[in-house]
Amino acid sequence: MNRCIERHRNILDFALSSLLRRKGKNLSLLSVYTLIVFIIASIVFFTQALKREAALVLDGAPDLVVQRMVAGRHDPIPIAYRERIAAIRGVSEVRPRFWGYYYEAVTGANFTLVASNDGQPSVKSVFIGSGVARNSSLTEGDFLPLRDVKGTPVLFTVGKVFPSASELVAADLIQMREDDFRTLFDFPTGRATDLTVSIRNKGEVKTIAAKIAQQFPDTRPILKSEMLRTYDSVFDWRGGMVIVILSVAVLSFIIFAWDKATGLSAEERKEIGILKSIGWETGDVLLMKSFEGVVISLTAYLAGVSLAYAHVFFFSASLFEHTLKGWSVLYPQFRLAPVVDPYLFCVLFFLTVGPYIVATIVPSWLAATVDPDAAMRS
Amino acid sequence: MRNSTLFLTLICCQLLICASFVLHARVSRASAGARLASNRELVRRLELTDLCLFTEARYTRHPAMADRHAAFQDHPMALEHFPSGSLVTPPDFRREAP
Amino acid sequence: MARRDGGPRRRHEVLTVIELIEVSKFFNAGKANQFIAVDGLSCAIGRGEVTILKGPSGSGKTTLLTLIGCMARPTSGRILLHGIGKECLAGCAVGDTVEITSLPERFLTSIRRSAFGFIFQHFNLVRGITVLENVMLPAYPTGESLHEVRRRALDLLETFSISRHAGARIEQLSGGEMQRVAIARALINDPVMIIADEPTAHLDSKLSIEFMEIVAGLKTAGKSVLIASHDPIVYDAALADAVIEMRDGRLVGGGTRP
Chain V
1 MNRCIERHRN
11 ILDFALSSLL
21 RRKGKNLSLL
31 SVYTLIVFII
41 ASIVFFTQAL
51 KREAALVLDG
61 APDLVVQRMV
71 AGRHDPIPIA
81 YRERIAAIRG
91 VSEVRPRFWG
101 YYYEAVTGAN
111 FTLVASNDGQ
121 PSVKSVFIGS
131 GVARNSSLTE
141 GDFLPLRDVK
151 GTPVLFTVGK
161 VFPSASELVA
171 ADLIQMREDD
181 FRTLFDFPTG
191 RATDLTVSIR
201 NKGEVKTIAA
211 KIAQQFPDTR
221 PILKSEMLRT
231 YDSVFDWRGG
241 MVIVILSVAV
251 LSFIIFAWDK
261 ATGLSAEERK
271 EIGILKSIGW
281 ETGDVLLMKS
291 FEGVVISLTA
301 YLAGVSLAYA
311 HVFFFSASLF
321 EHTLKGWSVL
331 YPQFRLAPVV
341 DPYLFCVLFF
351 LTVGPYIVAT
361 IVPSWLAATV
371 DPDAAMRS
Chain F
379 MRNSTLFLTL
389 ICCQLLICAS
399 FVLHARVSRA
409 SAGARLASNR
419 ELVRRLELTD
429 LCLFTEARYT
439 RHPAMADRHA
449 AFQDHPMALE
459 HFPSGSLVTP
469 PDFRREAP
Chain B
477 MARRDGGPRR
487 RHEVLTVIEL
497 IEVSKFFNAG
507 KANQFIAVDG
517 LSCAIGRGEV
527 TILKGPSGSG
537 KTTLLTLIGC
547 MARPTSGRIL
557 LHGIGKECLA
567 GCAVGDTVEI
577 TSLPERFLTS
587 IRRSAFGFIF
597 QHFNLVRGIT
607 VLENVMLPAY
617 PTGESLHEVR
627 RRALDLLETF
637 SISRHAGARI
647 EQLSGGEMQR
657 VAIARALIND
667 PVMIIADEPT
677 AHLDSKLSIE
687 FMEIVAGLKT
697 AGKSVLIASH
707 DPIVYDAALA
717 DAVIEMRDGR
727 LVGGGTRP
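Residue numbers (my numbering), protein chains in the order written: chain V, 1 to 378; chain F, 379 to 476; chain B, 477 to 734.
For reference, chain V alone in the conformation it holds in the complex (with noise of 0.2 Å):
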C-alpha cells in the first residue's frame, strides 16, 4: 500500500518537473483553460441565482393579470369587466392596475411608473427606486420634473427611495398616486392598463383563465406559471446570448483539446522512449501522462470555478455588464444571492476535466507502448 503511494507520489513528482520544463506553455494552457472554466462557471452561477431570485420574488406577483387587445395589441381595459370576473367562481378580487412607462429624454432613461395608493404618496409626490435616484441624482425632498401628453413640464416631489436591496425589482420604479398617474397620461377614465385577479384556490387558475378568455374573447389572460416561465427560458441555457457564450466558450476548449490530442512532438516521443527504455512499463508512463492532465485540469477547474464565485457574488458579476446592459441607461446593481448546485458543476467538471485528461492520455498510448528496445536503435 505504501510502495503504491509512493510510487503515485514518485510518478507526480516526474510530470510536475516535467510540466515546469515548459513554464510558458503550460501556464499560457492553464491561463486558458482557468478562463474558459471561469466564463462558463459564471454563467451558471448568475443564471442560477438570478432564476431562483425571480423564482422566489415573483412568488408575490398576482395570481392572474387580464390584459386587453385591440387589434392584436395590448389596450387598456374597460375597469367595468371587474364586476363580471369577480363573479366568476373561485375568484376573490379583481383590482384595476394602472402602470406604463415613462421615457425621460434628459437621460435617455426608460422608467416604469405604477400607481398605488401603498404607503400613502402624497399629492404630487413619487416613490422612486434606487436606480432612478442614482440616474437622475435625486434624493428625497428633491424634485422630478415629468413631461404629460401635452408635453407641459409636472414636477413631483420625492417622498422616498426604495431600499436599494430592492434593485431587482424596482429599480427603475417611480410610485405616485392613481389621480396624479391619470392625469399625467390623460389616461382614459373608465379604463385601466390591466386587471389583476386574486384566486382563492391555485389549483383552479387554468379553468378561470379558460372562462375569462371565453367570456371576454378581447382579453386575454396572464397567468402567473407563465409569468415565471418566461424567466425560466430567459435565463435558461438553451436561451439566446447564453448560448453563443456558452458555445464559444465549449468551442475554443474543444479546438486547443483538439490540439494537443493531435500528436506528441518529437521530444515528448524520444522522452517516452528514454523512460520505457530505463524500466518504465507502458503502465508508468500513462500514469504519468494522466497526472500531467490532471494537475493542469484540476487547477484550472478549481481556480476557474472559485473566481467565478467571487466575481458573481462579491463583485456582482461586473463582466457582464457590458453584455447584459446592451442599451439600457438604467442598469440595476446585481447583489444576488448565492446558490450553488452540485450537479451543474458536476457536469462541467466531467466536461472540461474528462476530456482533457483523455486528450493527454491518448496520444501518449502509442508512443508508451513502444518496444522498449526501440530506444537502444536511436
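Since the hints were derived computationally from the structure, they do not count as laboratory data.
Just so you know, even glycine gets a beta-carbon here, dropped at the ideal spot from N, CA and C.
A portion of the hints provided could be inaccurate.
Unchecked claim - Cross-link-like lysine to aspartate or glutamate pairs, in silico, DMTMM-like; alpha carbons within 20 Å at most:
{"hint": "1", "chain 1": "V", "residue 1": "160", "chain 2": "V", "residue 2": "140"}
{"hint": "2", "chain 1": "V", "residue 1": "202", "chain 2": "F", "residue 2": "425"}
{"hint": "3", "chain 1": "V", "residue 1": "202", "chain 2": "F", "residue 2": "419"}
{"hint": "4", "chain 1": "V", "residue 1": "202", "chain 2": "V", "residue 2": "186"}
{"hint": "5", "chain 1": "V", "residue 1": "224", "chain 2": "V", "residue 2": "59"}
{"hint": "6", "chain 1": "V", "residue 1": "23", "chain 2": "B", "residue 2": "647"}
{"hint": "7", "chain 1": "V", "residue 1": "51", "chain 2": "F", "residue 2": "419"}
Unchecked claim - Among chain F residues calculated to face chain V with C-beta under 8 Å, some are:
{"hint": "8", "residue": "389"}
{"hint": "9", "residue": "390"}
{"hint": "10", "residue": "393"}
{"hint": "11", "residue": "407"}
{"hint": "12", "residue": "418"}
{"hint": "13", "residue": "419"}
{"hint": "14", "residue": "434"}
{"hint": "15", "residue": "443"}
With chain V held as given, fit chains F and B onto it using these hints.
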C-alpha cells in the same frame, strides 16, 4: 520541498476555498432571506410582475406582459435591435381568444 | 569465444549468470524484407565477469543485448537466468533458474528493472531535468521512498566524482561527465548486471580508458558487465574476461554448447 507536496498543498488550498464558498452560500441564504422576503412583499403590494433587468424597451422590461413578437411592437419595420432581445425570448404559450 | 588466458572455457571454473540456447531473432518474419538479426546463437555469460560482444555494425550485437537484457523476446530458443530474478517472482520460480522466454510481460519488466542496468550509446539522458533527477529516474516507479533513492543517487554521484554537478542540467555537461551520469543511473537499482551498448563511441581515447577503469571498479564490486563494442580499447583490454565475436548474427569461431 517536493513538487508533489507543493502541488497537493495547492489543491488542498483551492478545495478549502471552494468549501468556504459553499459555506458562504449557506450563510448568505439566511441574510438573503430577509431581503427576498421584503422584495416579495413589495412585489405583492405594488402588484409587480417582472424583475427589473433590461430597461431598454417596453417589451424587454416586462417580458411576462409582452406581446408575442417583440419586434413590430412599435411599427412593422421595427426589427429587433436591442441585444437583450436575444436574451428575452417571446413569452411561452399565450391563451388567445378562441 | 576466447578467454584472455588462452585456454578453453572450463565451465566449472565460472558461474554462469545468463545462458543462451539456440537463440534466434527474426524481424518482419515471413515478409519480403525478412531480416535475421541473430541466428541460432548459443553462449554463456559468466557471473562477475566482463564479457565483450565484438563485431562490425550489423552483426547483431545490439539485438543480442536487447534479448539478454529482457527488452525483447527471441523468435526461437531459450534464455535462462541463473541466480537472478527469483525475488521478482516470489513464490513462482522453481529453484535458482529463471527461463525468461516463457515469462509474462509484467514479470519480464520487473526483472529488467531490478536485475539490469543499461548504458546506451547516446546516453539517453532526459534533457531539461537535473543530473540528480536523471539518476533517480529508474527508481521512481518502484515505489521506493524518494529519500532513500536520493541518498543512493548522491552516493553514486560521489563515487564517480560528479556530485558537484548534481543540480546541473544535462545540457551543461561534457561528454565524459554525461557518460558517468549514465553509469550512475544504470546503478541506481543495484542491478546484478550492467549492459553497455557501444559506450565509447562518442568518447576520445583518454575518456575511453577512463571508462574501462570504471568498469574495473564495477567488476571489483561484484557486478557482471556485458559490453557490445567494436572499439579495440574495449575488446583488447586486459580487463575483458571473455570476448564473444559475432558476424551476421552468428558466432565466429564456432560456438561451443555450454
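Right, here's what the structure says about each hint:
A distance of roughly 6 Å separates the Cα atoms of residue 160 of chain V and residue 140 of chain V; the hinted pair therefore holds under the 20 Å criterion. Pair hint residue 202 of chain V plus residue 425 of chain F holds up; C-alpha atoms about 17 Å apart against a cutoff of 20 Å. Distance check on the hinted pair: residue 202 of chain V and residue 419 of chain F sit about 19 Å apart at the alpha-carbon level, within 20 Å; holds. Note on residue 202 of chain V and residue 186 of chain V: the hinted pairing is violated, with a Cα-Cα distance of about 36 Å set against a maximum of 20 Å.
A hinted pair counts as satisfied when its Cα atoms are at most 20 Å apart, and residue 224 of chain V with residue 59 of chain V qualifies at roughly 8 Å. At roughly 18 Å between alpha-carbon atoms, residue 23 of chain V and residue 647 of chain B fall within 20 Å of each other, so this suggested pair holds. A C-alpha spacing of about 18 Å is found between residue 51 of chain V and residue 419 of chain F, which places the hinted pair at or below 20 Å, so the restraint holds. Of the supplied interface hints, the one on residue 389 of chain F holds, with its beta-carbon coming within about 6 Å of a beta-carbon of chain V, less than 8 Å.
Proximity of residue 390 of chain F to chain V is violated relative to the hint, the smallest CB-CB distance being about 10 Å (cut-off 8 Å). Taking 8 Å as the C-beta contact cut-off toward chain V, the hint placing residue 393 of chain F at the interface holds, the least distance being around 7 Å. A distance limit of 8 Å between C-beta atoms decides the matter here; for residue 407 of chain F the minimum to chain V is near 6 Å, and the interface restraint holds. Hint on residue 418 of chain F holds. Least Cβ distance to chain V is approximately 4 Å, under the 8 Å limit.
Interface restraint check: residue 419 of chain F against chain V, minimum CB-CB distance 7 Å, threshold 8 Å, status holds. Because the closest C-beta pair between residue 434 of chain F and chain V is about 5 Å apart, less than 8 Å, the hint holds. For residue 443 of chain F, the suggested interface contact is upheld, since its CB lies about 7 Å from the closest CB of chain V, less than 8 Å.
Hints 4 and 9 from the list above are not met by this structure, while the remaining hints are.
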